[in-house]
Every structure is written in C-alpha cells, then in structure tokens.
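Engineer: The primary structure of each chain is shown beneath.
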Amino acid sequence: MVSFSGTVAPVRWLWLLAISACVIVPRSLDLPKNDATTVALLSGTLGHPLDNIARHPWFAVRRKGETLWVVYEVGGSGSEPDPFRGHHAYGDPILHAMWRGNEADRAAACIEKVAPGVKREIESDYTFYPGPNSNTFGDRVLRTCGLHASLPSTAIGKDWRGLIGGGVTSEGTGLQLETPLLGVKIGLKEGVEIHIMGLSVGIDLWPPAIILPLGPGRLGFADR
Amino acid sequence: MRAIVVAIGLVLTSRVAEAKRCSLFCELGRALQGGASIHYEATALTHVDDAPHGAVVDDLVLVGARVHPFLGLSDEIQYHFGFDVAWGATTGRGGFAYDMTLYPLGVAVRFGGTAFVTLGTGIGVMGATRSLDDAVLLPLEATVEADLTNRLRLLARARASYEAGAPARHDGAPSAPFADELEGMVGLRVGHHYMDHGFPSGNGYFLGVSYREFERTSYLGLTFGYEVDIGSPEAQRQKIHRKRAGHPLPEDSNLIAP
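Taken in order, these protein sequences are the chains called A and B.
Letter by letter, the first sequence follows residues 9 to 232 in my numbering.
Letter by letter, the second sequence follows residues -1 to 256 in my numbering.
Worth double-checking, as some hints may not be accurate.
Sample of chain A residues at the chain B side, in silico, Cβ under 7 Å [said to hold, decoys possible]:
id	residue
1	P57
2	T187
3	I204
4	I218
5	L222
Okay, the calculated bits of chain A under chain B, using three or more residues with CB under 8 Å as the criterion [as the list claims (entries may be wrong)]:
id	region
6	34 to 41
7	205 to 215
Restraint-style ranges between C-beta atoms, simulated for each label pair [claimed, not checked]:
id	chain 1	residue 1	chain 2	residue 2	range
8	A	G84	B	H168	54 to 60 Å
9	B	V188	A	E129	41 to 47 Å
10	B	G163	A	E88	28 to 34 Å
11	B	L100	A	T152	33 to 39 Å
12	A	G55	B	S72	38 to 44 Å
13	A	I172	B	A144	38 to 44 Å
14	B	R149	A	F136	25 to 31 Å
15	A	G109	B	L146	54 to 60 Å
16	B	L146	A	P40	43 to 49 Å
17	A	F136	B	F222	26 to 32 Å
18	B	D169	A	G84	37 to 43 Å
For the record, the hints were derived by calculation from the structure and aren't laboratory data.
Heads up, the beta-carbon is just placed ideally off N, CA and C, and yes, glycines get one too.
Build the full structure now, drawing on both the sequences and the hints.
Structural biologist: Next up, the structure:
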C-alpha cells in the first residue's frame, strides 16, 4: 500500500493532478444573471479523435435584459440560449474569461464591430493547421479589443502570426514572437510558453500551472 | 523527376476522366488515401550497461511530439513522411538534451482501418550540452501500429542511426554493428477506437518500454504518452476494393459495404 505523507505531499498533489488531468478551481458554467451585459470567452473540444488535443473558442455576448446570447466564432455564429453548456458540436466547455457591467458593454461594442471582419478574413484564408483558424480568430479579437485573457494551449492556431510576427500578448502583460516553426511568449502573468509547430509547453505564473498541449491545456489552477 | 510528375499526372488524369460529376479538386480528394499518427510523449531512460570508460550520460529524459502522416493514391501503399521533436535533459553531467528528426522519405503499408507499417529515413540532430556531442543523424526507422482490440493498440518502433560530425559517437551501438546508434520502443495504448462519419480513428494514453544504445552504453526506460491515429474513410477504401473486384458500389454511395 502506498501512503502519501510528509515530504511527499507535493508529489501526491502532482500525481493526483496528472491522473485526473484536471484543472483546479475551474470557473462555473452556470449562466450569469441578465441584470448586466455579459461577455464570455469559452472553448470546447473538437470531435473524436482530436478531442484531447484541439479546442475551439467562441465569444458569447448578451446585452443587459436579453435572454439570448449572440455567439461569435469561426464556422458558426448566431443566437442561442445557452452557449456555456449547450454550444453545438463542441464538448467539455471551459469558461476562460467573463466580463460584466461597463467593462462588458465596451467589450460587446468592440466585438460586435470587430469580430465579423476578422471572421471573414480568417474564413477566407482558413487553414486547419497551423493556422489561421478559429483560434487565431479568438486571439485576434482579444488583442484588438484589449480584452485581457488567454486561450488554452490546446487552442492550436492561437499564436499564428504568419511567417513571422509578434507583439504584446492577449493577456496584456507579456510579449511574444512567433514563426510557424518556433515561438515564445514571456510575461508577468503568462510566464514562459514555448511554441513548437503550434504545440505549446511552458509554465504559467498566474494562476500557476504547467502548460501542456493536451486536454484542457494546463495542469494546475484554472486560468482567469 | 519529370517521369514521376508525368506518371502522377497520368494517374490523376485517368481518375479525373472517370468522374462524371466531380471537379478536379473533388476528384483528387476522392482519390487520395491517407492517415496519420500523432504522438505526444515523454521518455525517461537510465543506463543499464556501461561502456568500458563509463556512461557519458547517466539518465536521459526527453519530452516531445511525433507526427507521421501518410498519403497516396493507393489505399495500401502510401508515401510516408514525418518529424520527431523532443527536448529534455540529462543527469550526471546534466545538460539540455535534444533529439529532432525529419523524415521526408518513407513508405507506409496500411492494413485494416488505421493499422500500418512504415519505413522512413531522413536527417536529424541529437545531443546534450556538456555530455553528449552534437551529431547529425541519418536514421532508418521502422514503425508498426495496429489495433489489438477496440481499446488496445500496439505501438512499436525501431530506429538505427548513422552519425556524422561526432567521431566519439561512431560505432556506439554494441547490438547493431551496422549502425552507430540504436533506439526502440514497444508500447500499448489504452483508449478508444472510433468510426465517426466513416473515418476510422482512435486515441488514448500509452505506456511503453524504451531501449537505446549510444556511445557504447545501453539505456532502458519507460515512455508515457498520448496518441491520436486517423485514416481515410473506410467506405472509400471499400469502394475501391469492390471496384477492383468487379462489384462496384454506386457512385453516390457513402455506405460501408457489407
């Protein structure tokens, strides 16, 4: 019988994390009240057999008092009642960021203005791998609208910048330099993330986690 | 080269000519068969049989990915290419370790849904700072993957490499006098097999035993990883088989033949 105690406690935690491939303290997928404008960034897994290595993001926007959400994404878009748990075709949804109130009003106005153009551009030049794809769309909208959040590492294509590109990260506290073969992201919150042909590995400083190109994309605390 | 291009052109032209309601790209899409195997894996090796002067590297840990697609107009014998990328560290005289190989040349023989045997060659680089000389590798790799049951899949590979640029690493594989280095892995994947929309595919975690020889030292260890495999639609392959056998399915049939 194996017992975990004393000095091996960290090993126990790592082991438990590894076998469950879980993210600690994930955000709730309960729909927020409609007493304020809400903007949410979510992602879900692709279908089999890519369900554990590739995710797809969407923005959900609901104005104050409305019951339906307007969804912005590549390959879809439209209105739906529950894009948190019931967004078609994509499994295991994760809520990465949510903006409410005045902040969400500004975010919603920007997404409504920017997203259709970015979507058209991406869809006309769409390449499943390495990009530009739906994850490139998510990252570009985040950066264009100044929404500080990150897509998970399994959102392959989020760091696509063409042959070479770079700038401030979507999280807003770091810098990144990208090519299709290699890329790097360094930041105060982002930690260090290395990209090898679209696959991401690294260490997220806040919230702390190991970044992996598998499952939810991290082993540790949920991103927020 | 020109002959190859002409041959491919003739094959495509003949196939396009067969199509009554299909554009060039559509017909090309129908004619192409393919598949791929993607591994994310971590390998930890420790020395088990030292060279006379002692092991240069005590332990080696590598983490990386292997992507090996295959593509062709035949449903059984196809062009295979791929790349392996792994980074890690050594212990003892510890340092950054890397092992990266590109396989632009290869052949894959597919059987069943996503089972295959491949042979590939190309060029790679491998080394570790402060312990293992950087070397250019000229590898020859054989891979076998096959579903044993609906949830179990056998993964096996062997690679013999010839070194360039690192004289100390020449003749470093005692069990393979014909090569400078040797590497192998046999593993078992536990996961799922799918047939969504006619595409045979599967995924799951695997655990394997790894063996490696370099610098006249033998290393044994474990490989843990995640694999995704996918192949072109079974229905399409069966259509071709039926057509060859003189019992073609209707052109618009998407059903798998009984």
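Engineer: Next step is simple, just say for each hint if it's right about the structure.
Structural biologist: Status of each hint after checking the structure:
1. P57: Nearest chain B Cβ about 4 Å off; hint holds.
2. T187: violated, 14 Å
3. I204: holds, 6 Å
4. I218: Because about 11 Å separates I218(A) from the closest Cβ in chain B, which is outside the 7 Å limit, the hint is violated.
5. L222: holds, 6 Å
6. 34 to 41: Since 0 is below three, the answer is violated.
7. 205 to 215: It holds, with 3 qualifying residues against the three required.
8. G84(A) - H168(B): 54 to 60 Å: holds, 57 Å
9. V188(B) - E129(A): 41 to 47 Å: Roughly 42 Å apart at Cβ, these two residues keep to the hinted range, so it holds.
10. G163(B) - E88(A): 28 to 34 Å: violated, 59 Å
11. L100(B) - T152(A): 33 to 39 Å: holds, 36 Å
12. G55(A) - S72(B): 38 to 44 Å: Once the Cβ atoms are compared, 28 Å apart, the range 38 to 44 Å for S72(B) and G55(A) is violated.
13. I172(A) - A144(B): 38 to 44 Å: holds, 41 Å
14. R149(B) - F136(A): 25 to 31 Å: holds, 28 Å
15. G109(A) - L146(B): 54 to 60 Å: Hint holds: Cβ distance 56 Å, inside 54 to 60 Å.
16. L146(B) - P40(A): 43 to 49 Å: Distance hint for L146(B), P40(A) holds at roughly 48 Å.
17. F136(A) - F222(B): 26 to 32 Å: Between F136(A) and F222(B), where Cβ atoms are some 28 Å apart, the hint holds.
18. D169(B) - G84(A): 37 to 43 Å: violated, 59 Å
Going down the numbered hints, you'll see the structure goes against 2, 4, 6, 10, 12, 18, while the others check out.
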